[in-house]
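Residue numbers (numbering that gives the first Met the number 0), protein chains in the order written: chain A, 0 to 372; chain B, 0 to 372.
Don't read these hints as lab results, they were simulated from the structure. Being a predicted model, the structure only gives us computed values, none of them experimental. Accuracy of the hints is not assured; some may be wrong.
Said to hold, decoys possible - Derived pair list, reagent style SDA-like, types lysine to any residue, alpha-carbon separation capped at 25 Å:
(1) Lys169(A) x Ile331(B)
(2) Lys169(A) x Ala222(A)
(3) Lys169(A) x Ala196(B)
(4) Lys169(A) x Arg130(A)
(5) Lys272(A) x Pro220(B)
What the hints assert, rightly or not - What follows is a list of derived Cβ distance ranges for each label pair:
(6) Gln100(B) x Ala110(A): 31 to 37 Å
(7) Asp273(A) x Ala267(B): 33 to 39 Å
(8) Leu246(B) x Gly149(A): 45 to 51 Å
(9) Gly221(B) x Gly103(A): 17 to 23 Å
(10) Arg200(A) x Gln100(B): 52 to 58 Å
(11) Ala97(A) x His263(B): 44 to 50 Å
(12) Ala260(B) x Gln100(A): 52 to 58 Å
(13) Leu246(B) x Gly206(A): 42 to 48 Å
(14) Asp245(B) x Gly78(A): 50 to 56 Å
The beta-carbon is built from N, C-alpha and C at its ideal position, and this holds for glycine as well.
Number of protein chains: 2
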Amino acid sequence: MAEAGLDATIDGVGNVIGRSRNPGSALLIGSHSDTQPTGGWLDGAMGVIYALEIARSLGEDGETRALAVDVASWIDEEGAYFSFLGSKSFCAEPMPDAWAQVTGRDGRSLAEAIAAAEFAGRAPARLDPARHIGYLEAHIEQGGRLEAAGKRIGVVTNIVGIRNFIIAFKGAQNHAGTTPMPLRRDAGAALIDLAYAIRARFAELAGADTVWTIGHIELHPGAPSIIPGRAEMVLQFRDPAESRLDLLEATLHSLVAAANAAGHIEIAFAAAKDGVAATAMDGELQRHLGIAAEAHAPGGWMLMPSGAGHDAQILARHVPSAMLFVPSIGGISHDFAEDTAEDDVVLGCQVLATACVSILRELARTAPAGRRV
Amino acid sequence: MAEAGLDATIDGVGNVIGRSRNPGSALLIGSHSDTQPTGGWLDGAMGVIYALEIARSLGEDGETRALAVDVASWIDEEGAYFSFLGSKSFCAEPMPDAWAQVTGRDGRSLAEAIAAAEFAGRAPARLDPARHIGYLEAHIEQGGRLEAAGKRIGVVTNIVGIRNFIIAFKGAQNHAGTTPMPLRRDAGAALIDLAYAIRARFAELAGADTVWTIGHIELHPGAPSIIPGRAEMVLQFRDPAESRLDLLEATLHSLVAAANAAGHIEIAFAAAKDGVAATAMDGELQRHLGIAAEAHAPGGWMLMPSGAGHDAQILARHVPSAMLFVPSIGGISHDFAEDTAEDDVVLGCQVLATACVSILRELARTAPAGRRV
Chain A
0 MAEAGLDATI
10 DGVGNVIGRS
20 RNPGSALLIG
30 SHSDTQPTGG
40 WLDGAMGVIY
50 ALEIARSLGE
60 DGETRALAVD
70 VASWIDEEGA
80 YFSFLGSKSF
90 CAEPMPDAWA
100 QVTGRDGRSL
110 AEAIAAAEFA
120 GRAPARLDPA
130 RHIGYLEAHI
140 EQGGRLEAAG
150 KRIGVVTNIV
160 GIRNFIIAFK
170 GAQNHAGTTP
180 MPLRRDAGAA
190 LIDLAYAIRA
200 RFAELAGADT
210 VWTIGHIELH
220 PGAPSIIPGR
230 AEMVLQFRDP
240 AESRLDLLEA
250 TLHSLVAAAN
260 AAGHIEIAFA
270 AAKDGVAATA
280 MDGELQRHLG
290 IAAEAHAPGG
300 WMLMPSGAGH
310 DAQILARHVP
320 SAMLFVPSIG
330 GISHDFAEDT
340 AEDDVVLGCQ
350 VLATACVSIL
360 RELARTAPAG
370 RRV
Chain B
0 MAEAGLDATI
10 DGVGNVIGRS
20 RNPGSALLIG
30 SHSDTQPTGG
40 WLDGAMGVIY
50 ALEIARSLGE
60 DGETRALAVD
70 VASWIDEEGA
80 YFSFLGSKSF
90 CAEPMPDAWA
100 QVTGRDGRSL
110 AEAIAAAEFA
120 GRAPARLDPA
130 RHIGYLEAHI
140 EQGGRLEAAG
150 KRIGVVTNIV
160 GIRNFIIAFK
170 GAQNHAGTTP
180 MPLRRDAGAA
190 LIDLAYAIRA
200 RFAELAGADT
210 VWTIGHIELH
220 PGAPSIIPGR
230 AEMVLQFRDP
240 AESRLDLLEA
250 TLHSLVAAAN
260 AAGHIEIAFA
270 AAKDGVAATA
280 MDGELQRHLG
290 IAAEAHAPGG
300 WMLMPSGAGH
310 DAQILARHVP
320 SAMLFVPSIG
330 GISHDFAEDT
340 AEDDVVLGCQ
350 VLATACVSIL
360 RELARTAPAG
370 RRV
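Chain A with its partners taken away, still in its complex shape:
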């Protein structure tokens, strides 16, 4: 960062921020540099390197030397302690109670990890409404849509909202040999019926970008010769629009109510705490990204939602934000095998750089700094 002409700091939670020495409106560009335990080389890190490369190359060109690009490498996007720690801190969002006492897999608290890294007592870096006119983040897609569509760049329209529900079934555990079918209160059978009904009904209500997943099922006690007395499943659904998430949640309510009315099994469900609201990306920034993509790869880009969460959804609550995707080979991510074609890695950076310049030239001229709503 120092070589790129930035004033670099590591803040009190571990965010690495490189601030341009140019005055006036600045564009913030970045991503996260952590990944999952068996994650690949691009997830997050690629977006940080893009930002650094753009800051460096703009500084080397006389025509762009005066533009201000600040670079961010957010800490703990993936949630080793809790998700979006760095970007939430940067935006001064309220932290959970006792946030510094959250422990990681090694049992060490976040406060201990920060102290061990010698960041304790440092000031948090903060978004500067008087300076930052927008936030851009590039990322690998982590899915197979660009590849399937034969496109090289995705301009993100929305980051999907996520709702998780734990659905619990209470019946009566009994002997699988001596209990006739009409006398059974089989919690597992009720789970299968409801899961099937959800799959069928959600398919009718889904948009092109709706996804739903039953990732966990448990039958108690789980033995071949015992009728399950209790059962549990986790249903997750995602959509770019809160309105459709509301509709799907209302449908879940009505399917559970119908099953409760029809059967002898008590079915209850509760939203898990880790839901996320759907977040729209800024339209003006999308326009700049799209024009830049068309210039570098005519016909080779598309608009698309992000099915995964990103720091941009935190920043978007505070400053105009947008995202650019490059294709993931085979849709693979969070895996050592994660990769992107070298040409696509280069193209993504060129598109982001071009958009960055046009945004800074246009917005610095027309808009006041801070949140445009």
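Using the hints provided, position chain B relative to the given structure of chain A.
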């Protein structure tokens, strides 16, 4: 047993046998005296006490004193080492390889347990074809059919056959946010669809005594945000008739073949080793039990299959065998709460005693000892 005039022995596996000193054809009566870890006071033990009480009371009555009743208390019906150890040994059925090396929950082998009990080296007790004209076993029902029907005695027609299948689904694990529905290979979704299809189709093919259970489901890796790449379920079905079990198994084959042809998930299934063949109880012995039940409880008895396994299914392969059930309160068994009304316990013993006398009088007169087929 000695007080009841029987010659009592404990054999080389732990069967306790009380042999009548009366010569000629004898009826063997008994059950098992083990139960499950949290089992109740009647399971198995009641049938042993019935046999002992019948041997004792017949010996006290001048009219029945010459009849021969041998009493059996089988070891390990429940399978602490392996199911039906005692009755299989008594019938000289082939043992599994290295049967004495099978270990129990405490890690001790069966051979060590037998040695610790000081039974090692004793001869096994054996069925005597020249003496034993039949086998009778009384047991608690362990289900709720008698109670639901308002009956006090069940005369068992068949012991159901059991088939267990492990069904495995192989898809592709992926990100639950970034993988659109059409690109998914969701092993859990395929499991839900097949489980639902099995439930629907089996209901159409079931007889009054058919039961089927999905007691275990597992999705891998089992996280809310990950599309399951693998899934597994265990399907068990039971029926008194092998022909219907064959039909259900053929239906499972065809449902799996259809699902494999339709989808992108590889589905494979295999029969678990612990299947049991359906076993018919002897018709003549059922007739004697029914007549005795009608005498003691007019209109208060019924014919019914046994949904659970019993030593009688082993004996039935070698000697005419039949079973009598008394009601389980609330259908509960294998639980400390297991119980039967005292009147019903007494009635069951009276019916079995009456049937025992009529069988010994009629069969000793008309049939040669040994297997009548």
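For each hint, the structure was consulted:
{"no.": "1", "hint": "Lys169(A) x Ile331(B)", "verdict": "18 Å, holds"}
{"no.": "2", "hint": "Lys169(A) x Ala222(A)", "verdict": "17 Å, holds"}
{"no.": "3", "hint": "Lys169(A) x Ala196(B)", "verdict": "23 Å, holds"}
{"no.": "4", "hint": "Lys169(A) x Arg130(A)", "verdict": "56 Å, violated"}
{"no.": "5", "hint": "Lys272(A) x Pro220(B)", "verdict": "21 Å, holds"}
{"no.": "6", "hint": "Gln100(B) x Ala110(A): 31 to 37 Å", "verdict": "55 Å, violated"}
{"no.": "7", "hint": "Asp273(A) x Ala267(B): 33 to 39 Å", "verdict": "34 Å, holds"}
{"no.": "8", "hint": "Leu246(B) x Gly149(A): 45 to 51 Å", "verdict": "50 Å, holds"}
{"no.": "9", "hint": "Gly221(B) x Gly103(A): 17 to 23 Å", "verdict": "21 Å, holds"}
{"no.": "10", "hint": "Arg200(A) x Gln100(B): 52 to 58 Å", "verdict": "54 Å, holds"}
{"no.": "11", "hint": "Ala97(A) x His263(B): 44 to 50 Å", "verdict": "46 Å, holds"}
{"no.": "12", "hint": "Ala260(B) x Gln100(A): 52 to 58 Å", "verdict": "54 Å, holds"}
{"no.": "13", "hint": "Leu246(B) x Gly206(A): 42 to 48 Å", "verdict": "43 Å, holds"}
{"no.": "14", "hint": "Asp245(B) x Gly78(A): 50 to 56 Å", "verdict": "52 Å, holds"}
When the structure is compared with the earlier hints, violations turn up for hints 4 and 6 and for no others.
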